[in-house]
Each structure stands twice: as structure tokens, then as C-alpha cells.
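Could you build the full structure based on these sequences and the hints that come with them?
These protein sequence lines map, in sequence, to chains A and B.
What the first sequence shows, in the working numbering, is residues 1 to 262, in sequence order.
What the second sequence shows, in the working numbering, is residues 263 to 626, in sequence order.
Hints listed in this document are in silico derivations from the structure and should not be mistaken for laboratory results.
Just so we're clear, the structure is a prediction, and the values are computed from it rather than from any experiment.
Check before you lean on any hint, since a few could be wrong.
Label-pair distances were calculated between CB atoms; the ranges are [what the hints assert, rightly or not]: (1) H6(A) with W612(B): 50 to 56 angstroms; (2) D64(A) with V294(B): 49 to 55 angstroms; (3) P70(A) with V294(B): 42 to 48 angstroms; (4) F469(B) with G110(A): 33 to 39 angstroms.
Pulled from the structure, derived: some chain A residues nowhere near chain B, Cβ distances all over 10 angstroms [stated by the list, open to error]: (5) H19; (6) E20; (7) D22; (8) D26; (9) L195; (10) G220; (11) F244; (12) E245.
Built from N, CA and C at the ideal position, the CB exists for glycine as well.
The chain contents come next:
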Amino acid sequence: MRLDLHGVAVHLDGRPIVHEADLLVDDGEFVALVGPNGCGKSTLLRTIYRALRPSAGLIRVDGDDVHGLPWRESARRTAVVAQETPAELDFTVGEVVLMGRTPYKPDAVGDAERCARALDRVGLAGAADRVYATLSGGEKQRALVARALVQETRLLLLDEPTSHLDIRHQLEILHLVRELGTELGLATLAVLHDLNQAAAFCDRLYVMSAGRILAGGPPGQVLTPELISEVYGVRAVHRPQLVFERLSRSRATNQAGPGASG
Amino acid sequence: MTSALQRARPVDTGGAHRRGGRFVLLVVILAVAVVASTWLAVSIGAVRIGLPQAWGIVADRLVPGLVPRTWTPVQEQIVWEFRLPRALLALLVGAGLAVVGAVLQALVRNPLADPFLLGISSGASFGAVLVLILGAGALGGLSLSGAAFAGSLLALGLVYVLAQRAGRITPSRLVLAGVALAYLFQALYSFVLQQAQSGRAAQQVLFWLMGSLGGARWHMLPLPAAVLAVGLVYLLLQHRQLNALTAGEESAVSLGVNVHRLRLTLFVLTSLLVGVLVATSGAIAFVGLIVPHAARLLVGADHRRVLPVTALLGAAFLQLVDVAARVVNAPQELALSIVTALFGVPFFLWLLRRRSVDRAVTVA
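And the structure:
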């Protein structure tokens, strides 16, 4: 078991944002966290990676209380890909990826190799010397995935990693992290907006509403029309509609055409 | 890390090596520039002393008898007692202010950050003026440097609190808070100066406040040199943490940086540097703004390279500024802030027109 939360509560400026959250993510599992805007899902995620402190409850990664670990140690266990990181200063892609080695002792040669391998893996081979700010949105997210890779953690947290991307790049990033999770046996917890996407990509998902986790389990069981109308205040209807899938891998990465089929 | 990554093709890491070579070359060039500008500074002045003589005097002091004497005792006194300490102080102050600027820009993630613009220099000046005009007794026996440090720490703390909203610092609030505090502290020390008994003493303090290395003597060098050396070593050891902080606070946390402790240390360090430097040379504007940007244009954003280049560039820059301040209107000396402003204001406007800054200010 990689990540488990017991009775976690979070307050921001004295206001309760998250109540009594229980949550589990196992090795090799891709778990989604969904819910309406302001339901506390991002707050909960930020608490797991220590940007915030919980006011009650326990967050354990590999059995240890994350908030009791040295900062470097928690960063060796948990990597984060958030929404596009604003970068006003002109770091190169290689330098951004190298930041993933911050929690480790410097090792110039080994780190350079790790970074180059990670860039290769996310499809940015040879981009190390480009200025990060000049990348497209999808490339920036892939660079941040590479940064998370060189951090060599067993737990990967994703905070709406696709929110600024078009549909093709959304699929590209989600497939990439999904594949990496399987290859490396990572435990992955992703805050996602699109319910259909969450359902398509995750093994299990949790639904949050008003700071509480209402339900958890396989998407087919959890995402019922009743729950969706209760949480989002909308009606879920089955209709024939376009479903978006990647083209074959080589075409999808080389071609800028619309990624829709079916 | 795992089989999946090891399977990948052999990789090209040549870019890093090429950049590394260029960096070493740049550092060598800048070191030569520092030495050359210092040599020039020691030679130029009301009494012209030839470059060979200036070199001879310094060499003779370091290794007696190394060079045949071709200079007079008066020339020797001018070079050794006045010009060399002044030139060395120029290097320390230039390097120090530039490094402070680079750290502040990383700390508050704003390209406009600078000890002067954020009111820190004015805070330090206020502390210094209190001691200079009212005497050390006024602040419970604090030394000039101590008072300037207290002033800069107070200003930086206030700016930080004022610029914060719901735990986040917004660039526009930061600059506004800094400018407001700069005015406040300027008003405060102007008031103290106006109330001073001796108008002449006040005039001198006012001139010194705009930046002057005229009072440099050997005994003034050890403190700024020690603070700068300790500060630079610490910052270089923390270069990865500084990089992570530049990419964003939450991002830094997720990379294992103890952000609260790092920020606190950087606060104290920058305040200490500004305080010590202002106490020796007054508040010199724009060095901390221009130089780090120039350094980043040369070597990119990585602090491992930015910090040494910033320090060397700042040292050489302020040395030349001081030479210009002495030469342009001789025998009168210009205040250093007048000269730096001539470079700094156009640069600042150019920076403001850049889209990235615009975005940083409006998005907030």
C-alpha cells in the first residue's frame, strides 16, 4: 500500500475545506479524484504533497506519516505534476527536469543521464537545451512529467495536469502517465475534471463534494446518474456521442491533425 | 531507475558540457575584467598615476622589492591608503548588491525585485542616518552596520507582510508595497536630516546616501568581505533549492525544499548584506536590478552559474561606475546612484515593456 489517508481534515484561513477524508492508492493503481469546483480535491492533494498541513488525521506514504518526514525524504517518495508551472525566468528544459533531482545528492554525470533518459521517455529527446517558456502547453506538461520521473518516487500526484490542453494533448498526457504508472508500478492519484476521461483512465475513483469524500470504487459502480446529479446538480444521460481516442502512436505525435475518431 | 528507462536509447548529454565550457570561459573573462577595471580605478584620479606605477605600488606592498621603485611616496600613499581600499570596496559593494538582487528576484519570483525598489535600501539608510545624525546612543548602542541591518530587515519584513494576500505574494502588491515603503523611509530619514543641528553634516550624509565610496579605508573592508563570502558560499551550496524556489513555492515543496526555512535564511542574509553594504557606501540604486538580468542573458537561469557571474559582473560594473563618477565631473564627484540611474532607468523601462513582466503583474 503506497498512500493512505485516515480522517484527514484541512483548514484554510480557519475555514474547514476538507472533512474526514479516507483514501487509498495501491502500487500500480491509477486512482482519480473528481468533484465540482471548490469541493476541496486540490486542497486535499496539496496537503498530501505538504504544500498545506492537515488539521487532523494521518497521511501515510509507504506506512510513514508524510508530515513527520524530513522534506527531502517525502520528496523522494512523492512527485507532483501540477497545472502548467509559470516560469518567468529562462530555465532550459534540461534544467527544469534536473530540478527533479533536488531531493538527492548531486551526481553530475548520473543526473544528466537520468534527465536525458526521462526526456527521451516522454518524447522530448533532444529538447534539453530549449528554453522551457518557449515550449507548447503539451510539451511543458511532458517536461514536468519527465521532472517527476527523475525524482524516482513510487507515488505520483497529478493536479489537473491537462486543464490547459486541447483534447489531443490531454489524451497524450493521460496515456503517458498511465503507461508510466504501469511500467514502473507507480501509485498514481490524479485530480481530474472530465468525468468521462476519469472513468476511462482510472482503476478506481473517489468523488468529493463540499469537502467530503462521498464515494469510492471502480468508475462503473461509483459514477451513477444519482450520484452525479447529487454532486454536480446535473443530469447524466447516455447518448451516442463522439468518443476521442489517440491515433496510432507515431501519427499522434507527428501530426497536428484533430485527434478525434469514431 | 527502472528497466523501462534503461531500455531507452543512448542519450546525448553534450549540451550540458558545451554550456559548461562556455561558462568557464565567461568566468575567466569576467575575472580579467574585474582585475583590469580595478587597475584602471587605482590609476585614475585627481593625481594621475601611470598604470605601471599603480601596479608597481601594489606589487611592492604585497611582495616588497619585487619591482624597481619608479614612484614617489605621495603616489604610494594615494594608491595604497585611498584608491586601493576604495576600489576593493567598489568590488565588494557591486558584487554584493548584484547578488542580493539575484536572490530577491528568486525569492519573490519577480524580475523587478531589487533592494532599492523594495524599500530595503531605504530602510537600511534610515537606520544608518539615525546613527550618523543622532549618534550610536539613539539606537541603544547599535553600530552603523547594525542599525542599517535592523532597518533593512524591518523594511523587508514589512514589504513581505504587505505584499501577501491569503498566503500568496502578488507581484503588483510587492512592487507597490516596496515603493510605498521606500517613500516612507526616505521621508523618515529626510525628517531626521532636516532636524539635524549641523546643516553641513546633513549635506554630507545626504550625498553619501546616494552612494559614495569616497570614505573607503582599509578597516572598512573586512566586514562586508566576510558577509559577502559567507553569503556567496551559502547561496552556491543552495543553488538547487534557489532554482526550485524560482519555479514556484509549491513546486519547491514537492521537490523537498524546506521553503519556510530557506525563505527565512534568505531574508536574514539579504538584509544583512544590504545593511552592511549601505553602512559602507550608502544606497546605490539599480545595480541589483540590472546585473542579475545581464547575467541571466549570458548564462540562463540556473543559479549555479547565475550567482558567480552576477557577483563578477556586479563587481566590474560598479568599479567602472565609480571611475565614471570620479572622472566625468572632476574634481567634483558624482553620487553613484546618479550614474547607475543613467544605465538603470532605460533598462528598467525596457524590462517593463517585456511581455513576461506584464503578465506577471496583471495575472496577479
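> So the hint says 42 to 48 angstroms: do the beta-carbon atoms of P70(A) and V294(B) match that?
Replying inline: The hinted range 42 to 48 angstroms holds for P70(A) and V294(B), with Cβ atoms some 43 angstroms apart.
>> Taking the Cβ atom of H6(A) and the Cβ atom of W612(B), is their distance within the range 50 to 56 angstroms?
In response: holds, 55 angstroms
> If you check the beta carbons of F469(B) and G110(A), does the distance land in 33 to 39 angstroms?
Replying inline: violated, 55 angstroms
> Far enough from chain B: is every CB of that chain over 10 angstroms from the CB of E20(A)?
Replying inline: holds, 24 angstroms
> Just checking, D22(A) versus chain B, shortest CB gap more than 10 angstroms?
Replying inline: Holds, since 23 angstroms exceeds 10 angstroms.
> Does the Cβ-Cβ separation between D64(A) and V294(B) fall within 49 to 55 angstroms?
Replying inline: 53 angstroms Cβ-Cβ, so the 49 to 55 angstroms window holds.
> Does the claim that F244(A) lies outside the interface with chain B hold up, using a Cβ gap greater than 10 angstroms?
Replying inline: Fine: 26 angstroms to the nearest Cβ keeps F244(A) off the interface.
> Hey, does E245(A) actually stay past 10 angstroms from chain B on C-beta?
Replying inline: Holds, because the least Cβ-Cβ distance between E245(A) and chain B comes to about 23 angstroms, which exceeds 10 angstroms.
> When you look at the beta carbon of G220(A), is every beta carbon of chain B farther off than 10 angstroms?
Replying inline: holds, 29 angstroms
> Minimum Cβ separation between L195(A) and chain B greater than 10 angstroms?
Replying inline: holds, 26 angstroms
> Does H19(A) sit more than 10 angstroms from chain B, CB to CB?
Replying inline: holds, 21 angstroms
>> According to the definition I'm using, a residue is off the interface if its beta carbon is farther than 10 angstroms from all beta carbons of the partner; does D26(A) meet that for chain B?
In response: Given a closest Cβ separation of 18 angstroms, the condition holds.
Going through the hint list in order, the structure does not satisfy hint 4, though it satisfies all others.
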